[in-house]
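2 protein chains.
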Amino acid sequence: MLESPLVRKNPSLYVFLPLFYTVWSDSVLTPSEVETMKGLLRSQSWLTDEERDFLLSQINPGSPPTAQELIHWRDSILKISNGSAQKQSLVDLGMAMVKHHTQGEVPSTLQKAKPALDQIEQTLGFISQEGAYHFHSHRDTLTARQATQTTFEVAALTRILEQGEEDIIRKVKTIISDPAFRYPDTTDLRTKREQVLRWAHYLAEQGLGNIAYPNEYGGKGDMAAYFAAMEALSFHDISLVVKFGVQFGLWGMSVYFLGTEKHHRKYLKQIGTLELPGCFAMTETNHGSNVKGIETTATYNHANQTFTIHTPHEQARKEYIGNAALHGRMATVFAKLIIDGKDYGVSAFVVPLRDAHGKVLPGITIEDCGHKMGLNGVDNGIIYFNQVVIPKDDMLDRFSSVTAEGKFDSPIASDNRRFFTMLGTLVGGRIGIPRSSVSTSKTGLTIAIKYSDQRRQFGPEGGEEVPILNYRSHQRRLMPLLANVYALHFSLRYLTHRFLSRTEEDMQEIEALAAGLKAFATWNNTHTLQQCREACGGKGYLTENRIDDLKNDTDIYTTFEGDNTVMLQLVAKSRLSEFKQEFANMNLFGMLNYLGNQAKTSLSEMNPLIVRNTDDDHLLDPEFHLNAFRFRERDILTSAAKRLKRHIESGMDSFDAFNVAQHHLIEVGQAYVERIILEQFQAAVARVADAGCKTVLTRLCALFALSQLEKNKGWYLENGYMEGVKTKAIRKMVNQLCWDIRQEAVPLVDAFDIPESCLAAPIVAKR
Amino acid sequence: MLESPLVRKNPSLYVFLPLFYTVWSDSVLTPSEVETMKGLLRSQSWLTDEERDFLLSQINPGSPPTAQELIHWRDSILKISNGSAQKQSLVDLGMAMVKHHTQGEVPSTLQKAKPALDQIEQTLGFISQEGAYHFHSHRDTLTARQATQTTFEVAALTRILEQGEEDIIRKVKTIISDPAFRYPDTTDLRTKREQVLRWAHYLAEQGLGNIAYPNEYGGKGDMAAYFAAMEALSFHDISLVVKFGVQFGLWGMSVYFLGTEKHHRKYLKQIGTLELPGCFAMTETNHGSNVKGIETTATYNHANQTFTIHTPHEQARKEYIGNAALHGRMATVFAKLIIDGKDYGVSAFVVPLRDAHGKVLPGITIEDCGHKMGLNGVDNGIIYFNQVVIPKDDMLDRFSSVTAEGKFDSPIASDNRRFFTMLGTLVGGRIGIPRSSVSTSKTGLTIAIKYSDQRRQFGPEGGEEVPILNYRSHQRRLMPLLANVYALHFSLRYLTHRFLSRTEEDMQEIEALAAGLKAFATWNNTHTLQQCREACGGKGYLTENRIDDLKNDTDIYTTFEGDNTVMLQLVAKSRLSEFKQEFANMNLFGMLNYLGNQAKTSLSEMNPLIVRNTDDDHLLDPEFHLNAFRFRERDILTSAAKRLKRHIESGMDSFDAFNVAQHHLIEVGQAYVERIILEQFQAAVARVADAGCKTVLTRLCALFALSQLEKNKGWYLENGYMEGVKTKAIRKMVNQLCWDIRQEAVPLVDAFDIPESCLAAPIVAKR
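Chains X and U, in that order, give the protein sequences. Numbered according to my numbering, the first sequence spans residues 76 to 842. Numbered according to my numbering, the second sequence spans residues 76 to 842.
Honestly, the hints are just simulated from the structure, not real lab data. Hints may contain errors.
Identical copies go unnamed one by one, so any copy, or any two together, can satisfy a pair.
Stated by the list, open to error - No more than 30 Å apart at the CA atoms, straight line, and that leaves these computed lysine-lysine pairs for DSS-like:
1) K720 to K786
2) K807 to K187
3) K246 to K267
4) K246 to K434
5) K295 to K246
6) K803 to K434
Everything numeric in this text was worked out from a predicted model, so none of it was measured.
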């Protein structure tokens with residue numbers, strides 16, 4: 076076209092060039108585009124017939140321009156447009172070309188035709204508008220301009236997060252930053268396990284192993300420090316955390332809580348120093364979640380006052396037992412106590428597995444669980460007992476014992492209650508695991524967010540590529556997870572505090588809290604690390620960038636210390652029994668009052684104005700958030716209770732009724748734990764004095780609340796608590812909060828203050 | 076209590092025993108329970124004062140019965156109830172005890188008191204009703220009775236799944252069942268990689284490597300067989316699948332599709348036999364998704380008609396390249412073609428990397444990507460080129476070339492179009508990967524479903540434990556995923572068929588189909604394997620049970636061959652451009668007609684009767700399903716288009732507008748691909764003649780449709796397409812379908828006919 080004598084004669088024809096170029100440079104020249112252009116040309120009366128035919132020939136799909144020609148077209152347009160940062164339409168660009176070739180004059184005929192040309196450009200559609208950007212090298216977009224900002228003091232936020240636990244956290248961080256804790260580059264099981272054992276010894280040497288035990292056994296009696304240490308260690312290596320937890324938590328605490336003074340004196344000190352490595356042998360192949368069903372037996376021998384520990388069949392072997400395959404010398408073994416042929420239920424016994432030289436003792440058979448998805452630094456094993464005899468004194472006899480006369484005895488009469496009291500003392504594991512999982516989520520998010528802040532991919536035509544964290548879908552992927560982890564951080568502090576200051580009456584509530592938070596935090600962690608992996612693309616798949624180990628080591632967190640699905644049902648049952656009590660305690664007046672309160676909710680929260688309220692102030696109001704969470708929690712619980720009652724009253728077996736409603740019950744548990752988390756996050760934000768931190772935490776708290784409401788919007792709509800216009804407004808607000816928080820995302824992960832050595836991922840290494 | 080003279084005197088007091096036992100055996104004796112019992116006792120006028128005081132003393136929380144006493148209580152009740160399979164209330168049981176101790180007589184005073192006692196038992200609440208089951212050893216529940224049934228011929232369903240590809244599938248299954256393909260038990264990188272290379276050689280020897288290449292180069296010209304082979308190989312080992320895909324797919328097909336006859340003659344035969352191992356070197360550290368931005372240069376040297384291939388800076392190195400770290404001897408290298416200092420865009424070149432002895436050639440530097448989350452049998456590497464000179468003939472010159480005069484030439488004028496045409500020829504990867512991912516989902520589901528059908532945990536009090544697959548939450552976890560995998564199976568067959576019979580005009584649609592199905596199938600696979608891991612608990616975590624490798628090897632599927640988020644945006648853009656065309660092609664009449672059709676939807680589908688219709692027939696109606704999917708697809712697309720138009724017309728930069736709407740656009744892609752999958756699943760079911768298979772597939776298809784509708788219920792409610800009563804009915808129907816399909820779940824996975832040797836998981840090993 077550029078070489079045509081017609082164009083040289085009438086430079087006005089240049090006005091079509093950007094349009095023509097754009098049409099041809101699209102991937103496909105559609106029939107409709109051709110028709111539209113033809114119509115345009117026919118309507119231009121200022122063209123001669125010859126000119127019109129020539130122009131039509133330039134957009135004939137049967138004879139496209141050559142690659143060389145198209146390049147010339149682009150170059151000639153670029154010569155005119157280059158450097159212009161302004162957005163110009165294709166027709167404007169064409170006009171500029173005409174002007175250039177006429178030395179400044181645009182013929183009036185062409186001036187008059189401009190509106191029609193503009194019209195055509197618009198008809199060609201909004202996607203083609205992108206075409207105009209081919210010709211601008213500097214393009215300024217909101218998306219490209221977004222960048223990291225820090226509006227608060229990072230160290231101040233770290234202080235808020237670590238408050239009350241600074242000393243132990245600093246100590247652990249110092250230890251794990253030592254070169255001795257550098258990650259080994261190996262896939263070999265044996266090497267990994269030896270490394271983790273060595274690390275565990277270092278921790279014991281530093282006084283971390285017995286920190287929770289009483290002073291008289293070498294400890295500090297500081298259970299709070301034990302949990303904080305688990306959390307901080309989880310920045311480093313999860314095999315080590317589990318090895319540490321098995322030895323000092325499960326093994327040591329079972330002796331401490333289920334045993335009596337004679338056991339403490341005999342074992343506790345050596346456990347805390349790791350001189351006596353041990354196991355916690357509860358789970359059997361056939362019985363994991365249903366601990367009550369375990370089949371290992373501990374038969375009392377009146378003759379010589381001993382117990383015989385025995386595995387009655389292969390599927391009753393102890394399985395997945397940490398420390399068993401290589402290092403454990405003793406184990407707390409859970410078994411059914413049998414006296415005179417009668418089964419007195421699950422009790423705990425200390426049973427030796429290996430001698431001081433590590434040789435497996437007679438009657439004990441141990442197999443290695445082998446390679447696992449993760450945690451390969453932990454030597455999990457299988458244990459079989461063949462008529463192993465232990466002295467009477469090695470029964471952990473706090474909750475059940477055998478009298479001198481060979482009779483069963485217990486301070487707790489009810490089998491059920493004894494069983495749950497015994498398990499309840501082990502609830503600490505359901506605090507340690509979620510706290511550990513929050514640390515791995517924090518590490519994953521730190522890596523993914525820092526990488527996404529640097530990594531650039533795609534950008535506006537003619538502009539630089541933009542950081543992928545500037546993309547809305549990437550923000551929606553990571554920002555709500557950042558909010559979750561802050562929310563969980565505070566609610567797990569609350570759980571720990573409740574546990575440490577517990578009374579007997581609190582225990583049922585604390586167990587439900589721990590079970591619920593364990594389920595929420597560990598599922599959230601699995602989901603978070605999956606998103607982090609994908610957010611880092613191929614880089615996230617390389618083991619060197621840490622997400623591999625974080626993800627695979629913690630994948631089992633959703634299963635151990637109680638399968639999450641079972642945990643949420645446990646929460647639901649606890650909620651139902653509270654609910655039952657609430658009703659049972661009520662007289663008629665109380666009942667009416669209760670129903671009246673429910674009706675009041677309907678009046679105040681469910682009036683047509685509120686279910687449709689989309690004001691920003693309302694959507695960001697913490698009271699609205701908490702009301703909505705509470706309404707859902709209460710409503711789901713009430714309807715589940717009614718449903719169960721209806722089924723059972725209609726003659727359905729209660730086991731079947733619970734099964735029919737199982738999905739509903741899991742929602743009861745979820746709604747409860749979500750409300751707790753929001754409540755505790757809000758309370759924590761309210762306590763913050765520092766203005767900068769308060770602002771950013773308030774925003775995170777709103778994002779947590781609104782992204783949960785968005786996740787559950789189906790339920791709120793179904794139940795008339797919100798209308799579509801409001802849930803749509805919530806989605807928009809979530810988008811906006813993600814956009815705002817993205818700017819502070821890097822300082823927000825910096826506030827986790829994870830040791831550099833644990834962020835060993837090359838993709839976030841300081842350059 | 077049993078020893079009291081009062082009871083011996085008046086055996087009627089036995090009526091309270093089961094109630095008392097139950098109250099005490101609950102974990103906690105609540106104040107309200109005590110109050111209720113006290114009230115009961117006070118109201119019983121047939122008791123003497125002494126008897127009443129005695130009974131009150133038995134429920135004093137201050138002096139509980141001893142463990143021994145409680146055991147005696149239970150034993151004495153059990154003596155009466157044992158063997159009774161009938162559900163009895165606690166009061167009935169108490170009556171039976173009275174009868175036993177009075178030798179058959181129940182005093183009339185007690186008879187009269189019964190209604191009051193019943194009332195109390197009810198007041199104690201439904202949870203306590205479970206208490207009565209302590210006393211029944213045989214308890215028959217619906218939940219326990221559910222079991223595997225086969226209502227169709229498994230082999231017939233296998234035939235339907237494999238139809239048209241039976242021969243190649245049988246061949247591949249035979250090969251991978253050979254002892255030479257046994258899984259090695261190693262964590263060592265070198266051993267794994269050598270093993271996978273050896274396997275790849277076996278496949279080449281069996282004629283699978285060149286099966287898709289033309290006969291003249293040793294192949295069979297059978298592209299369909301290539302895809303089927305990828306799918307069947309994916310039952311075995313994913314490292315092998317990727318090694319196979321890199322060598323025969325990416326490396327071979329790039330030479331085949333981007334090169335011309337001279338390249339085919341020179342390379343194709345040796346590639347197909349694996350004599351010439353090679354790589355596909357496209358991705359660079361700085362450019363993965365945005366291939367257009369790669370920075371490796373191929374500069375044309377006029378003087379001697381050669382190209383110089385060069386890595387201009389470290390971040391422009393080729394990364395993650397399969398076959399590069401150890402085995403590749405050549406590579407298809409994507410680089411910017413530079414002639415006379417001018418950039419002509421991305422082209423492809425064949426570049427030697429190693430000599431025949433495996434020695435890296437001068438100018439080439441290769442690093443090992445090291446250990447990865449999975450696929451450790453594949454030797455991914457990093458390649459740097461330092462001024463490597465190759466002859467002009469080694470440019471793959473089908474779509475761009477340099478003339479004898481040293482000028483750029485191409486059959487496709489538009490840069491954009493050339494680029495996308497070039498990439499489009501590689502769309503096969505986006506068919507192979509989702510098909511492979513469906514195989515790994517099938518394997519995971521086979522393991523998890525067979526295990527859950529056998530594994531028992533918990534059960535009704537006094538009854539046997541039940542298979543975990545009988546639990547509703549477990550069914551809800553796995554059954555919809557089983558439906559998804561069937562749905563994907565058929566839609567991927569459709570995609571393959573469309574690709575194999577493609578015409579030029581189809582390409583845009585096929586690319587969108589492939590991108591969308593790739594995203595859906597691979598995300599679904601990641602999610603499925605995660606659920607399978609959790610559903611198998613600790614067993615799922617052991618490497619020996621296969622889920623570890625399945626999950627970790629395929630985790631990268633959501634990233635490679637195109638990041639899923641990018642894929643869905645690609646689908647959305649394709650849909651928007653079709654939409655634009657649809658409008659552009661319309662005259663005024665067409666437009667009115669279109670809007671009229673939309674209105675008709677509102678009238679027919681959104682009338683108040685239909686949005687509230689909860690009849691089973693309606694909920695199971697395939698037409699209802701498809702209408703709902705189509706409505707959503709159309710509505711999301713229309714609203715996205717309007718939104719973009721509004722933003723751009725208000726002056727927003729189009730790049731920003733696309734970013735603001737990014738989440739919306741991803742939904743456009745999702746809604747499109749979901750509709751395609753349903754449409755193809757329905758069409759496949761319609762073609763089935765076998766009655767048994769048709770019934771079960773119809774049920775699976777309904778579950779697929781309804782579980783998607785449930786997942787998207789927030790959207791349907793928000794937009795008034797359904798009311799809460801209907802979405803609740805859908806949830807109920809999903810539960811019901813899960814319950815029904817559970818019975819056929821084992822035969823449904825048996826129909827996948829996965830070789831025993833690939834189901835090497837001990838948890839599903841035949842016993």
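Could you work out which of the previously given hints the structure breaks and list their numbers from low to high? Those not satisfied are hints 2, 4, 6.
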